[in-house]
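J.: Protein chains in written order, with this note's numbering: chain A, 1 to 350; chain B, 351 to 700; chain C, 701 to 1050; chain D, 1051 to 1400.
No wet-lab data here; the hints were simulated from the structure.
Take these hints with a grain of salt, some might be off.
[Said to hold, decoys possible] The list that follows gives simulated cross-link-like pairs (lysine-lysine, DSS-like), each with its CA atoms no further than 27 Å apart:
| hint | chain 1 | residue 1 | chain 2 | residue 2 |
| --- | --- | --- | --- | --- |
| 1 | D | K1312 | B | K392 |
| 2 | B | K468 | B | K355 |
| 3 | D | K1312 | C | K818 |
| 4 | A | K42 | C | K742 |
| 5 | A | K210 | D | K1092 |
| 6 | B | K624 | D | K1092 |
| 7 | C | K811 | C | K703 |
| 8 | C | K962 | D | K1055 |
| 9 | A | K274 | C | K742 |
| 10 | B | K355 | A | K210 |
| 11 | A | K262 | B | K468 |
| 12 | D | K1325 | B | K392 |
| 13 | A | K210 | B | K445 |
| 14 | C | K974 | D | K1325 |
| 15 | C | K703 | B | K560 |
| 16 | C | K742 | A | K275 |
Now for the letters of each chain:
Number of protein chains: 4
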Amino acid sequence: MEKKKISIIGAASISAAFIIKFIARHSGAEFAHVCSSSQAGKMVHEYHTFLKGIVDVEYEKYDFDTVINDSDIIFITAQHGVHLDETARIVKAAKEKGAKVIDLSADYRLKDASLYDKWYNVSHGHSDLLVDAVYGLTELNAHNIKDAQLLANPGCYPTCALLSLAPIVQEELTDGNIVINALSGVSGAGIRPSATNTAMKVCDNIFPYKVGGVHPHTAEIEQGINAYNPCSAEAPIGVTFVPHVAPFKYGIIETIYAHLAKDISESAIYDIYKKFYANSRFVNILEPGYLPEVKDVVGTNFVNIGFKIDPRTNTLIVIGCIDNVIKGAAGQAVQNMNIMCGFDEAEGLL
Amino acid sequence: MEKKKISIIGAASISAAFIIKFIARHSGAEFAHVCSSSQAGKMVHEYHTFLKGIVDVEYEKYDFDTVINDSDIIFITAQHGVHLDETARIVKAAKEKGAKVIDLSADYRLKDASLYDKWYNVSHGHSDLLVDAVYGLTELNAHNIKDAQLLANPGCYPTCALLSLAPIVQEELTDGNIVINALSGVSGAGIRPSATNTAMKVCDNIFPYKVGGVHPHTAEIEQGINAYNPCSAEAPIGVTFVPHVAPFKYGIIETIYAHLAKDISESAIYDIYKKFYANSRFVNILEPGYLPEVKDVVGTNFVNIGFKIDPRTNTLIVIGCIDNVIKGAAGQAVQNMNIMCGFDEAEGLL
Amino acid sequence: MEKKKISIIGAASISAAFIIKFIARHSGAEFAHVCSSSQAGKMVHEYHTFLKGIVDVEYEKYDFDTVINDSDIIFITAQHGVHLDETARIVKAAKEKGAKVIDLSADYRLKDASLYDKWYNVSHGHSDLLVDAVYGLTELNAHNIKDAQLLANPGCYPTCALLSLAPIVQEELTDGNIVINALSGVSGAGIRPSATNTAMKVCDNIFPYKVGGVHPHTAEIEQGINAYNPCSAEAPIGVTFVPHVAPFKYGIIETIYAHLAKDISESAIYDIYKKFYANSRFVNILEPGYLPEVKDVVGTNFVNIGFKIDPRTNTLIVIGCIDNVIKGAAGQAVQNMNIMCGFDEAEGLL
Amino acid sequence: MEKKKISIIGAASISAAFIIKFIARHSGAEFAHVCSSSQAGKMVHEYHTFLKGIVDVEYEKYDFDTVINDSDIIFITAQHGVHLDETARIVKAAKEKGAKVIDLSADYRLKDASLYDKWYNVSHGHSDLLVDAVYGLTELNAHNIKDAQLLANPGCYPTCALLSLAPIVQEELTDGNIVINALSGVSGAGIRPSATNTAMKVCDNIFPYKVGGVHPHTAEIEQGINAYNPCSAEAPIGVTFVPHVAPFKYGIIETIYAHLAKDISESAIYDIYKKFYANSRFVNILEPGYLPEVKDVVGTNFVNIGFKIDPRTNTLIVIGCIDNVIKGAAGQAVQNMNIMCGFDEAEGLL
């Protein structure tokens, strides 16, 4: 079988580096164009030095026509807003050619264009594409992903939150507001040096940021939760989401507090999760008595989910862990590509 | 003025090491006996090597009579329950002699003896002493600390939680259950090697433990909060408290979620905190717009407190940071000693 | 093709965990018996929790007969000396059956039995097997590895040192003593809790150990270097080797100081290295101007080697980096298995 | 006694932050002007947030006249070369007024002006001041420091190297070239975000830099060593110095390899060190059998020195540890100030 031709736009990012790593060991894919305006002319492994020996590809300047002509799958990683219009242009041209786009930015994740004004301070001119775009949280949306033309790859925090919450929201186990206390490794802040990603800031430290309902992943989480909420019309669920930076490079842990709406045992909750994720090979549900920790998922595409009831306050505490760059970005993007192309879901990811 | 004679029982612990460090640079105190059954005969700096050059004292075996005879202040650091009865014996003898006891264990922190059965699985035979013991959260209890015979030095998590919450509970700003998401450095797990404090377990990791209302600090936090709760009789406040171990040695951050009972601005809340802690030199209240982080308090006796309202869910998010071994144990113990002896509150601690 | 049957003895170790991970994704191998006396009855992923979702195998008690009967390849990981005689017994039985043994301990690495008395304080009763055993430093010994019956997998420090030094020793570029300053992640100290692997000891720290020519890897390095030293008879090369523990889990960096015996340019040295490793896919030689760093090899089977001349002292500084558990143990063991079984050298390792 | 008036120029640096901390708790000193062009108008604790509650001083723009008029001691922290001429101007004006200057930059450390061309690429126009400047390695130069007008505070690596080497060089224990393998915490790279001080670069990593005799501290180390070398005229000692960045914020460890010129026991070497540093309260010489580690000196002004002979190669391995920002910069600067002003050497530093 001919290999799928892969192009990557914005290929200097950390997420892109991991996509490159996964494609390099993928049995059914090969590189078409690896584009980065800032690194064009360099070898990929000169910039992302951990790829030396693994990949032997050169960064090119992005060119619309060559990318469209030569690619079956186009990954786009960009800061939200920056590439929004160009992505729309690519999607249209790709569709004609039979190619598909996987966008790792936030640009096409929200269904309601007005949310972009509010949360991203961006005026979104492509409402039609927002409707067509498929939200790529693999385990929750696999049947739509298969035929996506434009796949909006989820944010890291929402991936962890939604996988942790979907089963219990669907079962109406919780009422009212949900608290999500999240910690992420510093890779979430990118590799370009800034005041918030120096070692002097990050090491031996934990610091909160975007506290008070201002992190735009809040909107993505609420959109996703209410898709599973049977009462979303009359009683939409809101979340109080507080992210922090933790002193490691990779990983997210979310400790989620949901007041229980009914009496239920831990073993019954376990059964709900197991059933919900019966066919999800990248979801580990931990038996009652065990709880996830960051280190067990780092370097993998797995999400580990565990939980415990606090009977004194009738609160269900769900804890989810992912690697923010893999399941939270590049790994899930390749997982989605695998489904879109008919490969084994795990190809390149183990 | 003659220097106060200080003895320390259980002096191999991390908390004891910091007490030793603070006493070594204290202008009004000197060592009587530094007791450790496991390290007797060794120099302190042979075991706690970071004290080499700072202190030149030898560990002795603990002997009741010499400690009672030679000491003005007796610090006790022990696992809860282990030293409970002997502490009672020491307190009585010390009282006759005019000496005072500062107990860093949990043995005399709770007022209700039945709570020891429930939370510590210990049958507490000294209810009378529980009544007499003064809970040593310095900023909340300074007037009682002055004349304490037995001072029960607070736990690390409760110190951070209570300092963060007392002002808003007193003002009845919150209703219902409070969520406390806490992360502590690994020093909280002691220095004896165990499955939960190896570098392979702790580095690049965060893991929850004692989840679901089973950590005994929950009781200490609730006792302390309700002492400030004007409606504690009819509406006692409960907490959902989830501790985690974070990948650093020292420091605690608690992200606290309290639903607001009334409309209030951030500047009004700031004023409440500032007024409450107007005379507290080790409390830093951060202005609206700033939030605390672990690194700024490590190595100090300060607590840094900041907050933010999430207007979407009407939730007040308070964030408190302390050094778990200093303000959370040894530093606060010496701060209390300073008050009990009439020294400047900060002597030895800057 | 039928899959090779793999057994692992001592499978609770960190090295074994990584062998298990690599075998789990190996296209030509499957598990026969995964043996651990301490963990028998548990699932592998209950002990090595990072393998959950990756492998679904149970620990068994080691049984000589079933291992011999059911295995094509037997990996042994053990503390030196502990399993020495049993390994000899296994090798003999395996030979008759056509199976092969890969020993990750130090028990069969040194050719001269008397060195075991000196460096390991062990009286080695199997000199014959020491002769037959093939030293498994893949890139330096691939032609012998192919037909090994007993493969002695190298130590972590020697792997890095010998790969870094072999080309320049062979070319007689250096005279006299060589200084090897080595730092290893704490995984080298195992996962069983001990005074030297707690987070309180390791975090924010570097500490030397076994200084002064007492680390037994010194003997392994000298044996290996002199195998490449054309003048080993009249002028054997000695090394001053000082290991330290560094504050991370995985990785080794060795900074090696060799006085230059002749005038030579950096580009000439580069050519020597490139030629020497022309066919070695897991060796990255860095061009003059670039130097290796630990992070780029962690999680991989690569060794990265770079160098620089200090013209003021005429000293060649060679820097080598590996992942101590992968190229320094489990990865190289599987790489050797691949060669012994005729698989692609990199199978399971990318 | 009236307090000494302290001004600090370049007060946004990490070193300056620690000087500020030490002065804040100094019984005999107070702030005159704390100058930073980049932070002028901000409170010190707004920029160096760990100083909140400890110091209540505002950054000012640097003004020559007010600094000269109001100060007894002027600390200058700057990148080498940047402030060189202005420092000369300050020194002259200060001398007339009876004030003194402590320069933490490299600008006045080397005696030979031509070395500035070679190592710093700076044409040094103040040879006269180079002669007058007193090199402030406290323990090696206390008698000159007392009357210094311009004190050149040593570099971090040279401080550790020279304290570790001076006794054995003076005793002619070593011949020929000395290898210094050094690792420093990332604070040595400053707090301004750059490609070499991000958490993504530093965490879980060690990387060498300025390898091959190009780090200018090489010159400072050689100047210092040969001041103790009885044969410096005919046999000056050279060093091969390789610095690396280690994954922590504070601390330096130098593992030093010196070939022994004579037979000598470890206890005899111990006696040499003990005698040499008999009156040095910030030097800990570790008894044979013990070796220093980074964590024991972090946060202190101590240097810990230990050693071991490798009898196989007749190499003396000396290991020295300091806190790079304290004994390696700010602490030593205040220690020197204490000597220059007649205070207790340790005032403000314990």
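J.: Next, verify each hint and record whether it holds.
T.: The hints, checked one at a time:
1. D:K1312 <-> B:K392: violated (35 Å)
2. B:K468 <-> B:K355: violated (37 Å)
3. D:K1312 <-> C:K818: Answer holds: D:K1312 to C:K818 is near 26 Å, not above 27 Å.
4. A:K42 <-> C:K742: At roughly 49 Å apart (the allowed maximum being 27 Å), C:K742 and A:K42 break the hint.
5. A:K210 <-> D:K1092: holds (23 Å)
6. B:K624 <-> D:K1092: holds (21 Å)
7. C:K811 <-> C:K703: violated (33 Å)
8. C:K962 <-> D:K1055: violated (58 Å)
9. A:K274 <-> C:K742: Cα-Cα ~21 Å, so holds.
10. B:K355 <-> A:K210: violated (50 Å)
11. A:K262 <-> B:K468: holds (26 Å)
12. D:K1325 <-> B:K392: Cα-Cα ~24 Å, so holds.
13. A:K210 <-> B:K445: violated (52 Å)
14. C:K974 <-> D:K1325: With a Cα-Cα distance of about 52 Å, the restraint between C:K974 and D:K1325 is violated, given a limit of 27 Å.
15. C:K703 <-> B:K560: violated (44 Å)
16. C:K742 <-> A:K275: Given that 27 Å is the threshold and the Cα spacing comes to 24 Å, the pair holds.
Against the hints set out earlier in the document, violations occur for numbers 1, 2, 4, 7, 8, 10, 13, 14, 15.
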